[in-house]
Amino acid sequence: MIVYISKRLLSLIPVLFVVSIVIFLIVHITPGSPAATLLGMEATPEEIEILNDQMGFNRPIHIQYFSWVSNVLKGDLGDSIFMKQPVSVAIKEHFPPTLSLAILAQIIAVFIAIPFGILAAHKRGTVFDSTLMILALLGMAIPGFLLGLFLMLIFSVQLGWLPVAGYRSLDMGIWTHLRYMILPALSLGMVQAALITRMTRSSMLDVLYNNFIKTARAKGLKEQIVLLKHALKNAGLPILTVLGQSFGTLVTGAVVVESLFNIPGMGQLVLNSITRRDIAVIQGVVLFITLIYVAVNLIVDLMYGLIDPRVRLDRK
Amino acid sequence: MRNWRSIRILAGVLGIAMILSACGGKDESSSTMDVAAAPTYKDTLNIAITAQPPTLDGALTSSEVSLTISGNLFEQLYTMNMDYEPTPELAESYTVSDDGLVYTFNLRQGVKFHNGKLMTADDVVSSMNRWLEVSSRGKSLLGGSVFEKVDDFTVTMTVPEPTSDVLTIISTRTFFPVIMPKEVIEAATPEGVQEYIGTGPYKFQEWKQDQYIHLVKYDDYTMIDSKPSAYSGRKEAATPNLYFYVVSDHSTRIAGVKTGEYDVCESVPLENYEDLMNDQNVTLYSQPSGSMNAFLNIKEGVLSDVKMRQAILAALNMDEIMLASFSDKELFTLAPGYMNVNQPQWAVNSGAEYYNQKNPDKAKKLASEAGYTGETIKLLTTPDYQEMYTATLVVQEQLRQAGFTAEVLSLDFPSFMKARVDFSQWDLFITSNGYQIIPPMHLVLNPTWAGFDVPEVATAVAAMRGAADNETARKAWSDLQQFMYEFGSSTAIGHYNDAMATSSNVSNFVFFDLPIYWNAVVSE
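Residue numbers (the working numbering), protein chains in the order written: chain X, 1 to 316; chain C, 1 to 524.
Simulated from the structure, these hints should not be mistaken for lab results. For glycine and all other residues, C-beta sits at the position ideal for the given N, C-alpha and C. Please note: incorrect hints may appear among the correct ones.
What the hints assert, rightly or not - Computed footprint of chain X on chain C, listed as stretches where at least three residues anywhere in the stretch have a Cβ under 8 Å from a Cβ of chain X:
no., stretch
1, 200 to 214
2, 238 to 251
3, 256 to 270
4, 405 to 415
Please build the complete structure, drawing on both the sequences and the hints.
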């Protein structure tokens, strides 16, 4: 196990290296400069050039790259021009809202999707199954922000139960935190739930007609035990994979919902930094997101072994 | 049966939502000032702004959202009143030497900065000389000027040549010449000052990146006791806390002001105007705030021929362009002038015969005389500013109908700004430009904005600025506007209104060129 984890961690080095070059090139080839954004629409080209010079953006690109990489290796991701703070601090401030949102959305998704997926498989071909699958299809088709807008209109504008938007950290109390998070988490969670429901249903169906399930039923086991203990455990790997992917997406890609509900998370940070051409932040955040993705995949791979003893990671 | 279960789950979720809403109770914004007499006011004004400002250092940026916020922190020697007249703020009075080259300002005494330090001539000299050095408007309009200390409460400003608009320029909000402590100015880097310390009614408290900027009442503020008029007069900091929340999503800002989450919603999107107009809980404010202009490439390409530019002007139908871009006739006015339609000194109608001609046949004739053979006219735009983008699409269609080949090149805003300075990339672009106090500050006359660097402009600007009286200056501007239309360097398309909304329990709020919050209160 330790050998496997070490190998996976080592394989991170080339991944991060390639990502660093690609993101550096994309950011630097894109027209527009931080100085132009900082100085506003009415700045003259000369003023923009002078500020770019002062900030070091007119140096040759390979020199900028090596200076950035050598700083990153020393643990310094650089400073944000706009936020006037180190990139690592910006990430540290923007990550908790996203993580909290992702966890809540994932909890909502799992609590809806797994039971409904199992039931749909169990009731295959019935009206319940068809209705659920249509709803799941709709859920996948409706963009999260549209659902978010509906939820905002109903629960905030019409009923006035929950705040329209904004973010309150956990330090301000869990209930205050949840009041602000529940609508965005629902709008993200419902979309993920639709995806996971369909995956759970199809994985369960693959398993439910196997001989060991017939044997379990023939032994006279209760249907609940057959479904939850025997079938679900064997259908677990694909579900786990989808859960991992879905969590990865939630942590890194909730840009629109974060923007709609005004949550200062990673999505907003990336979006704002791109608009402002805040180069150090874009680079730092993309590297961080790469790390998160790899970490989530690693955890999912490790959990395969826990769920299914036939998977032996060390032998790979 | 299963359906009942799902209904129960939904009911459960709703129940939890209700409990959460009840448990959460009132947030910090609803606590009240400890005032015995009715009515009671909230101690916090929550303002939803569209974007995070790049900086609050007014000398460096023309960003409106920056100026709106920093206007609460900083003050100038002179500022503008409701009639756009320079009015004393940190200066008490001024005199000008007979040759018009030396302005002597007597400073107000006893004014304290937010760090407790007394404002003196040293601070004014440092601040104003830095402003002259770093602000592009300062440089272009007052280049070569210098501030010097006479005594602790007197400074002089020496200008290289006499002009009639010196006081107006240093009173302006666009490129804000603010007074900060000398030490703050000395510690400033090219990216701006490191601390926001001014003399205004509010002081800087906290900037939570991408979330909010929090200003608090400055208790030692030295108030001018005269009637508030635009940026001048009494400033009370009537609500102790101002929170500027960054809410980039339009629907969220609108929903927020409807529910009372935000007391003020800046920049109401046009499509929501009518909806908010009918909402009892919301008060709408709207006023002309700028002109949308089309700039033609006089330097390179197919429009470098003046006859082709005249052909383009003949083809344009401003009614259609403005209606498509601003959707409601209440939200724009049509006029050939580039300056504020409410400012009598500069609102002139010269060039009207070239404006809004709606004459495709004339356009075809002029183009044919110019030898036009179907070359592509490149229309540069950015979808980041919806009205500019829509206007460009309408112009494209109008040009097509007049027989031109027109192509839209749409880039994100930073790329648009980059392409704009490369004259080979565009033939025409449209931008919305906020009003300026005097014509020389307007981008239509700026040689680096769209390449309008013909000698006639410099001569006319000099005549305007050196004019002995307002009437002569107005005449010089009117002649220059006529020349611009004849030359076809640009055309005004129309004048747009900006709209803002507050919840109906907000009072004493003023929407001048920028929103003014220091006297605003929100009743409970």
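Check, residue by residue, whether the stretch 238 to 251 of chain C contains three or more positions whose beta-carbon lies closer than 8 Å to a beta-carbon of chain X, and give the verdict.
Result for this restraint: holds, n = 6.
Using a Cβ cutoff of 8 Å, are there at least 3 residues of the stretch 405 to 415 of chain C near chain X, or does the coverage claim fail?
Per the Cβ count (5), the hint holds.
Apply the coverage criterion to the stretch 256 to 270 of chain C and chain X: a residue qualifies when its Cβ sits closer than 8 Å to a Cβ of the chain, and three qualifying residues are needed.
holds (count 4)
Okay, the stretch 200 to 214 of chain C and chain X, do three or more residues pass the C-beta test at under 8 Å?
Since 4 is at least three, the answer is holds.
In this structure, every one of the numbered hints holds.
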